[in-house]
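*Asks:* In order, the protein sequences belong to chains V and U. Okay, so the first sequence: first residue is 131 according to my numbering, each after it adds one. Okay, so the second sequence: first residue is 131 according to my numbering, each after it adds one.
In case anyone wonders, no lab produced these hints; they're calculated from the structure. Among these hints, one or two may not hold up.
Where chains are identical, the list cannot tell them apart; a pair therefore holds if satisfied intra-copy or between any two copies.
Mimicking EDC-like on lysine to aspartate or glutamate, the simulated pairs with C-alpha atoms at most 20 Å apart in a straight line are [stated by the list, open to error]:
#1 LYS268 - ASP249
#2 LYS259 - ASP207
#3 LYS218 - ASP188
#4 LYS141 - ASP158
#5 LYS259 - ASP249
#6 LYS259 - GLU216
#7 LYS293 - GLU204
#8 LYS218 - GLU182
2 protein chains.
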Amino acid sequence: MDEVLADTIGKFITIYEQRHNTKIGINDFPGKEFNEVLPEEIRHTLREYINEPGFFRDIPVMEGAIPVVQQLHEKYDVYIVSAAMEFKYSMTAKLEWLNEHFPFISWTNIVFCGHKIVDVDIMIDDRVKNFINFGGRKILFTSPHNLAVCDYERVNTWEEVGKLLL
Amino acid sequence: MDEVLADTIGKFITIYEQRHNTKIGINDFPGKEFNEVLPEEIRHTLREYINEPGFFRDIPVMEGAIPVVQQLHEKYDVYIVSAAMEFKYSMTAKLEWLNEHFPFISWTNIVFCGHKIVDVDIMIDDRVKNFINFGGRKILFTSPHNLAVCDYERVNTWEEVGKLLL
Numbered sequence: 131m132d133e134v135l136a137d138t139i140g141k142f143i144t145i146y147e148q149r150h151n152t153k154i155g156i157n158d159f160p161g162k163e164f165n166e167v168l169p170e171e172i173r174h175t176l177r178e179y180i181n182e183p184g185f186f187r188d189i190p191v192m193e194g195a196i197p198v199v200q201q202l203h204e205k206y207d208v209y210i211v212s213a214a215m216e217f218k219y220s221m222t223a224k225l226e227w228l229n230e231h232f233p234f235i236s237w238t239n240i241v242f243c244g245h246k247i248v249d250v251d252i253m254i255d256d257r258v259k260n261f262i263n264f265g266g267r268k269i270l271f272t273s274p275h276n277l278a279v280c281d282y283e284r285v286n287t288w289e290e291v292g293k294l295l296l
Numbered sequence: 131m132d133e134v135l136a137d138t139i140g141k142f143i144t145i146y147e148q149r150h151n152t153k154i155g156i157n158d159f160p161g162k163e164f165n166e167v168l169p170e171e172i173r174h175t176l177r178e179y180i181n182e183p184g185f186f187r188d189i190p191v192m193e194g195a196i197p198v199v200q201q202l203h204e205k206y207d208v209y210i211v212s213a214a215m216e217f218k219y220s221m222t223a224k225l226e227w228l229n230e231h232f233p234f235i236s237w238t239n240i241v242f243c244g245h246k247i248v249d250v251d252i253m254i255d256d257r258v259k260n261f262i263n264f265g266g267r268k269i270l271f272t273s274p275h276n277l278a279v280c281d282y283e284r285v286n287t288w289e290e291v292g293k294l295l296l
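Looking at chain V on its own, in the form it has when it is part of the complex (with noise of 0.2 Å):
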């Protein structure tokens, strides 16, 4: 969800910059996590953010991705697996998103996991350390994280995705 249907980072921004009077450009942070970019006195402050009940539910869409996910579902079975047990309140916050975002894609199509060890065909994240055990297709989904990383099959918008597997 993070970072590939959820625009997470936007929000951080946002949050900084109404919070803290600071001003944070996406590109500000080729290769780095969104902490790393933040003065150091105010970084502690991210995780109380993402801590804050209801700060999973107001999330931007990723663009385009409602329409591609929504032709996705009609072609493939699409499952939303999200590593939301880190955070224990994000849960219900992160189901009411999904239901009113993506609303065609069931409860029984939502996992909410800590290690992504799903057993499907193509893996599309942002996140590396989630293709380590996958023996599937891995598509890396581009996020400021991980521009570095050369290794994977990679998409940079929902619609370079539609003309990949649709």
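Place chain U on chain V using the hints.
*Replies:* Relative to chain V, chain U alone:
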């Protein structure tokens, strides 16, 4: 979780004895689902009770589960996989329940899903439907509703799981 780690039917029986003054024995329903043994006029209440916030928080642990899962965890990479997604308010309660009774299971090894599309070697489950698309070793944990099933390796207790896998 339900009917394997958690004695959900035990909690159902307690609820119906307390709230409806009925008497239901665990041996009253070989081959049946719990709702099928309820008098028809109160059958609709089961889903209401399951949907009560906190329903899943205080379910008794299945006899012998904790020490055997602890030992399995020392020998194997144990994941807890629960079809929690159908009842969206069950997830936080289920996670808290696991943290209380199985604190040695890390959040990384917990999966809440609809369909159990997990890539594991061995699955212990009471529901035959979860075995259908699963290629690994299937171990059926006895529950009243599956007593008539003959097609799978079966365990009746956690003691038997321990004998089989430890």
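*Asks:* Against which earlier hints does the structure fall short, listed by number upward?
*Replies:* none
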